[in-house]
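Each chain, letter by letter, is given below.
Number of protein chains: 2
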Amino acid sequence: MITVDWKPNRFSPVPIQKQIEQFIKEKIVNGEWTIGTKLPSQRALAQAFDVNRSTVVAALDELTAAGLLAGNTGGGTRVINTTWSLLASVSPTNWNANVELGIHPPNLPTIQEINHAEFRSGIIRLGTGELSPSLLPASEQMQQLFARQAARPIPLGYQEAKGDSFLREQIVQRLKKEGIATSPDSVLIVSGALQALQLIAIGLLKKGSTVLLENPSYLHSLHVFQSAGMKLQGVPMDPDGLQAELLPAYQKQFKGAILYSIPTFHNPTGNVMPAKRREELLRVCDEQSLPIIEDDVYRDLWLDERPPCPIKAGDKNGNVLYLGSMSKSVSPGLRIGWLVGPQPVIERLADIKMQIDYGASSLSQWAAGEWIASGAYDQRLAVIREQLRVRRACMLNALERNCRDLASWDYPTGGFYVWLRMHEAIPMKTLFDRALSAGILLNPGHLYDRQEFGALRLSYAYASLEELQQGIAALADIIRSLGATGRT
Amino acid sequence: MITVDWKPNRFSPVPIQKQIEQFIKEKIVNGEWTIGTKLPSQRALAQAFDVNRSTVVAALDELTAAGLLAGNTGGGTRVINTTWSLLASVSPTNWNANVELGIHPPNLPTIQEINHAEFRSGIIRLGTGELSPSLLPASEQMQQLFARQAARPIPLGYQEAKGDSFLREQIVQRLKKEGIATSPDSVLIVSGALQALQLIAIGLLKKGSTVLLENPSYLHSLHVFQSAGMKLQGVPMDPDGLQAELLPAYQKQFKGAILYSIPTFHNPTGNVMPAKRREELLRVCDEQSLPIIEDDVYRDLWLDERPPCPIKAGDKNGNVLYLGSMSKSVSPGLRIGWLVGPQPVIERLADIKMQIDYGASSLSQWAAGEWIASGAYDQRLAVIREQLRVRRACMLNALERNCRDLASWDYPTGGFYVWLRMHEAIPMKTLFDRALSAGILLNPGHLYDRQEFGALRLSYAYASLEELQQGIAALADIIRSLGATGRT
Ligand SMILES: Cc1ncc(COP(=O)(O)O)c(C=O)c1O
Ligand SMILES: Cc1ncc(COP(=O)(O)O)c(C=O)c1O
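Protein chains in written order, with UniProt numbering: chain Y, 1 to 488; chain X, 1 to 488.
Certain hints may be false.
Because identical chains share one entry, a pair is satisfied inside a single copy or across any pair of copies.
Lysine-lysine pairs mimicking DSS-like chemistry, simulated, CA-CA at most 25 Å apart [said to hold, decoys possible]:
1. K231 to K206
2. K177 to K18
3. K18 to K7
4. K255 to K207
5. K231 to K207
Think of the hints as simulated: they come from the structure by calculation, not from any bench.
Could you put the whole structure together from the sequences, leaning on the hints where they help?
This is the structure:
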C-alpha cells in the first residue's frame, strides 16, 4: 500500500479537485504509480489531502472516466493505464506482482502498522524501544566532536573489511573491563547489531537449521533468520532467565544449530540472568556443542548495580558470539554495532559484509571511535542513567496507581522495558486498535511470543514523563472497557 | 584463512620464540582461534612476524608438543585443543565446519586476494575502482561541514524507512536536471548502490530467476544475485553498448526477470551508450515487459562532455529502477546511494531495508544532504574532473609508449576505466601472480566475464601519476615475459 503526503494548496487559483487530479496524474505519468498500484481508500485520501471525501470521489471519477483508474467492487481503486500505455500498446512491468514474489517476506503487519504510526504527530509511544530524542546527544555535541581537531583524520574511502581499527581497539578496551579478553582481529564492526544477526543467518547457518531462543524474545519480532530459511524454537524462561536445564531435552528434540540469548535486561521482559545461571548455561551449551549468540546491547544501561559479567567472559572455547551496539546507549542513527567471536568466524562474516554493503559508514565509525575515546560515551551514559531512573519511577508509579488490579509486572533493574502481564486474557488486536485511536501506540506481547495474548511490552525510554502518566491512565481505562473486571 | 598482523617486540627481554608461543597461546586461550582453525603457512607466519622461518618452526613445535597444535602431511598446522579442552572434556563448537555451511558463498578467490593485497603497503593498484585518497575531500572539509552551524540539526535517532527526507529532496532536484521527473516518495536511500542490488535480489525476484546483463559487467564480480538463488546471463556488447536488438531472442531463451545495465561509463569497459541505443533499449524492454536496473553511479564523472540523458528519463511506464551513489564522485566511506522507481517497489524495498539494518547511517545521510545542498558537491566534482583528465592522459600516454604492440583499448570519455584487450591470450593467473610479486595489483578481465582471459580492467582513478607510469611499464614487461611476442 502506498502512502501519500501531499496536500492541495488552498491559496491556488486552481480548484482543489483539479489539483488532486493533477497530483495523481503526475504520479502516474512519472511512472511512480505504475499499473496495478492500489490507491489508499477514499477515506484515507480525504484525510491525507485534508478535504471532503466527496471532493476525492469527484477527482477519482474524472480519472476513471479518462481510463487511468478503475474501482473494484470492494471499493478499492487501482491504476489500470498510464497516459502512455493508452497511446501506444506497450506492456509495462507489473511491479505489483514482483512485489509479492520476492524471497524476503514483508514485516509483520503489526510491525508495519507500528512503523507507520510512529511518524504520526501527537502519538504517545508507550512501547518504543529507543531512547527519547531528549536523551540523544545534542546536535551541538556531535558538531563539537567533528570541530575539535581530532588526531585521527576522518577516513572517507572504502574501509577495511572488519571495520575501522581504532574503533575496534576502543571496543576491545571496553570489553576488557567487562571481563572479555579479545583482540581487534576478532572484532567485526557492523551497521547495528541487527546486521550482525543478518550476517550470522546468511553466513554461518544451513537452511532448515533451528535457532533456539528465549520465549518471549525480541528475535520473534524479526524475520532475519526465517527469511534465510531457519526456524525459531522458544525455550521457557523463569525469573532467572532462560531455563538452561531444559536445553538438553530441547536439543534432543529440535537439534538447534545455535542459541540466541539476551541475558542482560532482556527484551521484552527486562529480566537479568544471574551469574550462576550464566555459568550453567555456558556449561550446558559446551556439553551440547551448542554455540551461543549473546546479544548484550543493553549492558551499559544498568540503573541500580552492574549486571553480572557477560557469558562471553567465561567462554574459553570460543563458543560464544558476542553482540554490542551504540544504538541503545548513544544513538541508533549512527548504525554502529560489533560482533566478537572466533577469528575464522569473524573473517568469514567480514567477507560477507563486504559483499552486501562494503562495510559500515566510515563517518559513523570515526564518530563512534571518537565518542568512546574522548570519554563522551561514559559522560552520556551517566546522564542517560539518571534520566532513565526518573522515567522508570514515573512509569512504575503510574502502573501502581492505575493497573494494580489489572496486571502484574517486575521491577526492571536496567534497560528500557516493563513486561506487563494481564491478569485476564483480553482481545489484543482490539486493544491495539482502540489504543491507537486514542493516540497511544502499543507493542503487544504476541510480537515477542506468537502465543502470548495477555502481555504488553512497555518502555519508559521514549515517551515524556507526562505522556507516560497520561498514556498509562488511558491504557488502564481501555483495558477495563474491554471487559477486564479487575481483581479485588 | 586467518590473517595475522602482530610482530614480536625486538626490545623485550622475552626471547622472540617465546613471544611467538605466547601470542599463539593467547589467541587459543581467548577462544579467538578455535579448534580446527588453520594457521597460515610457516613461510607466511615468518613473513608476518618478520623472523626466520626456523624461529617459527621452533615455536610451532613447542605448541605441538603441548598438544595445542598439530601438523598434517600437507604441511598445514591446525589448532586441535584449547588449554581448557585439555583440562576438561568439553566439546567446543566446530566453527570451521559452520564457516563452510552458510548460505552466502565467500567472495571469489581473486577478489579475496585483491581485498587482502590492497592493504599491503607499497603496492601499485592499477585496477582499483575508487578515487585515490588524494581525490577524496580533505578531513577538514568534512569537519567544516559539521562545524558550520547547519540549519538542520543532525538526526541521531532511528530514521524513516525511506531515509532522510532532506537528502531525498536534494536528489530529486539533481535528477530533475538530468531529465528524470520524480518525487521524494519514490526515492529510497541505501547504504551504497551495492545494497540496492542486494535489496532488489531479496525483495523483488523469485529464486531461480535470471538476470540479463552486459558481458562483461561489474555485476559478474559480485555474488549478490547468485547468493539469492538467481542466475546471470550475459548479453553481448558492441561499441554502442548492450546490443538491444538481441534482447528478444535472449528473452525467449532465458526468460530474464530483469535487465541490469551500466549505460554510462560502463564498468569495466568505460563504454557510453548513445541516446539512440538508450531509446531502443527502453522500447525493446517495454515490449518484452522486461524491467531495467539502470546503474548510473559514474554519471557525474564525465570528462569531455555531458553523457546522454539516463534511460530513466525516457521511462514513462515505471519500467526502470535507477541507481545512483556518492561513492564514485565524493566518498565511498559515506556509504550513501539511492534507488528511484515506482512507489510500491520503493516502499517494499524500504520495508526490507528496515528489516536488515534499520536504515543507513543518519550521520552519513545528513552529511550527504549538506554536501549537495551547500554546493560542495559540485565544487568537488569540478576538482575531481580536472584531476581525472590529467590521470587519464597519463595512463593513455603510458599505454601508448609501452603497450601499442601488445594490446588495444578505447579512449574513455569519463568514469575510471580503460579496458585493455590483449592481442594474444596469455595465462591470466600467472600474469596476476607475477604482477603481484612485482608489487602491482591487477583486476583481470575474468572477474567481469568468466570467459575472458585476454583483458584487464585498468583504472586511472587510484594510483598516483608516477605509479601509473611505472606500473604500466612494468606490466608491459611482464606481459612480454609471458611470451606475448608483440605484433609488428
Ligand atoms: C535485543 C536487541 N538486539 C538488537 C537490537 C538492534 O540494535 P541495532 O540498532 O544495533 O541494530 C535491538 C533493538 O531493538 C534489541 O532490542
Ligand atoms: C557500476 C557500479 N555500481 C555500483 C558500485 C557500488 O557502489 P557503492 O559504493 O555505492 O555501493 C560500483 C562500485 O564499484 C560500480 O562500479
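Results of checking the hints against the structure:
1. K231 to K206: Both: 11 Å inside a chain and 21 Å across chains, each within 25 Å.
2. K177 to K18: neither (66 Å within a copy, 27 Å between copies)
3. K18 to K7: within (12 Å within a copy, 74 Å between copies)
4. K255 to K207: So K255 and K207 pass the 25 Å test inside one copy only (13 Å; across, 27 Å).
5. K231 to K207: both (9 Å within a copy, 19 Å between copies)
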